[in-house]
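Since the structure of chain A is already known, use the hints to place chain B with the ligands on it.
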Amino acid sequence: MMKKNTDVLVIGAGLSGLMAAAKAVAQHKKVLLVAKGMGALGLSSGCIDLWGYQINQPDKVCTNPLAEIAKLVSHKPEHPYAKVADVLPESIDFFLQICHQNKISYLNTNRNWQLPTALGTLRPTYLVPQSMAVPDLAEVKELLVVGFQALKDFYPDVLITNLQKNTPLGAHCHLKTLMVKLANQELNANTLAHLLEKQAMLEQVISQIKPHVLPGMVVLFPPVLGEQLGHEVTEVLSEKLGCSVYEVANIPPALPGQRLQKALLHHLKTQGVEVIIGCQVTDAQITEKRCQGVVANSNGKIMEISAQTMVLATGSFLGGGLTSQSNEIKEAVFGLPVKVCPGKWSRQDFLSLAGQPFHEFGVAVNDQLQPLDDQGQVLLENVLITGANLAGCNYPIEKCGNGVALASGYKAGKLVGEAGR
Amino acid sequence: MAAEKAQVVVIGGGATGTGILRDLALRGISAILVEQGDLAHGTSSRFHGLLHSGARYAVKDKEAARECLEENMILRRIAPNCVENTGGLFVQLPEDNAEYADQWLAACAESGIPTEELDPRELRRNTPVLHHRVTRAFIVPDCAVDGFRVLWSNVNSARRYGARLYTYHSLTGIQQSNGKVTGVELTNQLTGERKYIECEMIINSTGAWGGAVAALAGIELNIIKDKGTLVAYNHRLTNQVVNRLRPPGDGDIFVPHGTITIFGTTSVTVNDAACTKPGHGEVLDLIKIGQEMIPDLENYRLIRAFAGVRPLYQAGNTAGGRSVTRNFALVDHQERDGLQGFISIVGGKFTTFRLMAEKTVDLAAKRLDVTAPCRTAEESLTSPVSEQWLERGKRVFGIPGAKKAADRLGDSFQRVVEEAEKNPDQRKIFCECEVVSLAEIVHVAGDGDSFTLGDIRRKTRMGMGTCQGTFCSYRTLGALSGYSQFAGNHREYLTKFLQKRWKGIRPVLWGQQLREAQLSSAIYCSLFGMERML
Ligand SMILES: Cc1cc2nc3c(=O)[nH]c(=O)nc-3n(C[C@H](O)[C@H](O)[C@H](O)COP(=O)(O)OP(=O)(O)OC[C@H]3O[C@@H](n4cnc5c(N)ncnc54)[C@H](O)[C@@H]3O)c2cc1C
Ligand SMILES: Cc1cc2nc3c(=O)[nH]c(=O)nc-3n(C[C@H](O)[C@H](O)[C@H](O)COP(=O)(O)OP(=O)(O)OC[C@H]3O[C@@H](n4cnc5c(N)ncnc54)[C@H](O)[C@@H]3O)c2cc1C
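Protein chains in written order, with full-length UniProt numbering: chain A, 1 to 421; chain B, 1 to 534.
Looking at chain A on its own, in the form it has when it is part of the complex (with noise of 0.2 Å):
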């Protein structure tokens, strides 16, 4: 059996477990980061949620959720953000900060940006690509939405058609679909997002838009412009196209996300973190409040892995964080007591505005992120809870997956980090 010991053990590699590791290792830990796959982070739209709407008008977009925030932290505190407001602020500048050493860029301008979907509907988000950071669209003059008749996942009809009912455009703006040709076989985004890379295709792509450019029009396209980092295949198309070119959110597979995905684990490796992938933790072994070890089961081989303390990043149902079966919801990793509304997992109205409860479902923690029970005694002094693990939450509704996440991993890497000091 292969042994490893280390200062923290991550278990998680969605955005929270991976800047739970980035904040640890940045404060001189030894970090170890095990996850059995890769997180949401990869599945959304690549952008920060912080929160949407406003707590007193949940169907008004909030244009400053910070002080949003502030205000949730009295009035529900046994939402995430409660524990962890104290560090959003520097949360976001160390993210910020992440970001801009590893060459990707995302913009910040203190309030809410609206961004269009592929659905037509606008979204509230916080922190944004830049491929991403479509100007308010009351301005724009000429909208032109590309699709590729390849990809089955992106219809510019459809966006167009309902963008004109969510949001006020300008009285002069005229809008207009275009669907481009490149290969008779069906592509995948991730397929495509990788032909867009060379030169020549990108070039097929051009000379089909380019006849229908006008000056200052603004040009929308599925999240498929390049698939690696560094290809700045959204910069190349602006300037030959002479406008200015955009990715809008999609359901997976998208790209945003994955680039965003891949450059934090990126500087993961750089700043001196262990990651292995395909690694799920399977035990624990618990002795007075503590955790001494747990054991993990490593594309087949069997490892034990002690560590002084450990971020548990393992997500809800979707990422294996809480399991569930007809009548019990369980934490997966240390069987912590899980939080639930008995009897009401679900609403009948699957678009309720009141959200469904189950992703409010999440182990309960104090202001340090250690876990608690139901009355409220620590359970494990040294393992913390993070992202959407957590109890209390209900991000599709609030538009605070990522923000969560973020704040929740940091503050944990930050504790860990301070640990042994």
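Heads up, a few of these hints could be off.
Per the computed footprint, the stretches of chain A lying under chain B, defined by three or more beta-carbons under 8 Å from a beta-carbon of chain B, are [stated by the list, open to error]:
(1) 34-47
(2) 291-297
(3) 346-356
Straight-line C-alpha distance at most 20 Å; calculated PhoX-like pairs for lysine-lysine [said to hold, decoys possible]:
(4) B/Lys503 <-> A/Lys344
(5) A/Lys210 <-> A/Lys198
(6) A/Lys165 <-> B/Lys428
(7) A/Lys3 <-> A/Lys30
(8) A/Lys181 <-> B/Lys422
(9) B/Lys277 <-> A/Lys344
(10) B/Lys428 <-> A/Lys181
(11) A/Lys181 <-> A/Lys141
FYI, nobody ran anything at the bench for these hints, they're computed from the structure.
The C-beta atom is built at its ideal place from N, Cα and C for all residues, glycine as well.
This is chain B with the ligands only, laid out in the frame that chain A set:
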């Protein structure tokens, strides 16, 4: 405007009504079938899909058992591509009454149902998912049947003889004069428009709705509505139909259909024929009972739950009701209530739909002075897709895609393959779970019988698989956004699609289904903000 005319108007597009339409048409009687929703809107798509061998009824009702066996054999012959010849098992557990097995064996023999005892050791080898404690096991000629396909085949066959179909039309009035039926008033469920048809006869084959339809003629007809809940597993748990060898009860039948298994059922009396909400509690009860036969049941992935309403006929105070058999009843309202030209057929099973239709049309023909005999047992219902076309299909849709499409499309398969051959863009697979191509979706959208998104969903089965419609709902919105009747309002289109799936998923929301639901909810709310979409 001159009203449309037909000799007979058949109400109810279930197994019974479509069977009657075909029988009428084959005897040369002009007929129109009226259905308030899509075909199979009622119980005929909300059932187990077991083509009974009769063994289940042998002890209690030998006549019903014999009818089942006979009809089972006929349907295999006339509609081979609607029936999967799985064979069936009856298994007994130690806690079941051992004597019942002998009683059952004797009853099967008496009804002519072939049985063959299987050594439990051999059963454990062949079907290891079943409990190792099984004491006795028997093979019977049960099959799995695709209800939806049978119904459409009935209608297509009838249309070849001039019969007509109105879906999304509800019978809202019955016209009579001097104690004689003269016509019907229909209301288009999508537009609210009224339509009148002159006819000599109305056949009420509306299953659980039979009482409500008879009431339109001022006649009382007692039908007990008995709801049964079923669940679908994402596995072929067993290769044969499995029945528990004990007096019929809850949770005692597993029916494999292709790659899935349908398990059920329960029995609860309800007031409303449209009450098809499956209960979470019922599902949990079912699984508990099912575990007695398949101990590992809880670890298999459920896809959805659904429910149907059995129409059970109660002769009771309706003294004139002439019971054809204890299994189903043919009510001649001319004799019973003095209304000429009105017949109701109630009760029965899916398996015996053809026989029920035959008896009904025998009576109708007599009243209409038609002497042509029934031919529905002789003439083929469908013809299987030829090898040559299947090969061509495989080249455009891949092997599993072509097979599934051929099964679903039947006679139209050829046209869809041709379209995809000409237009490579249409080969894209839109629903990966059920392998549905763009060509098929476009074909169904334009087939003249599709009026709603649900119609397209049912015919293509898109959105029925494990992804819960998450991906294909959005893709088909793109593909159909040019058809205003299906996707005029995009928000409504998606909401309906997702909500329909959700109704079936909610009662089985745990394990993999909960993970999948979290993904789906994150995509539509977190990514697309659909909960606030205008
Ligand atoms: C489709 C989709 C779109 C979204 N879009 C957005 C968006 O646009 N903006 C936004 O802000 N938020 C969005 N979110 C929400 C947001 O992405 C998530 O809430 C957030 O990323 C959760 O991060 P996490 O690190 O807590 O968990 P996850 O990302 O779920 O990561 C969990 C990690 O733990 C690992 N793991 C689990 N169990 C074990 C184990 N036993 N052993 C080892 N490893 C294990 C997993 O493999 C994975 O690496 C979206 C979510 C989804 C699903
Ligand atoms: C849970 C369950 C499992 C079952 N399993 C099996 C099985 O495995 N094998 C088997 O052989 N049998 C089975 N059955 C029984 C079988 O499904 C039914 O007996 C059969 O489907 C009834 O068919 P039908 O055509 O009479 O009724 P339906 O299929 O209900 O058709 C009646 C139709 O009439 C329409 N209608 C009603 N009112 C109006 C109106 N005013 N205007 C126009 N149209 C109207 C309805 O929309 C409906 O489509 C099962 C039943 C249940 C409930």
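*asked:* Tell me the numbers of any earlier hints that the structure contravenes, in ascending order.
replied: 2, 6, 11
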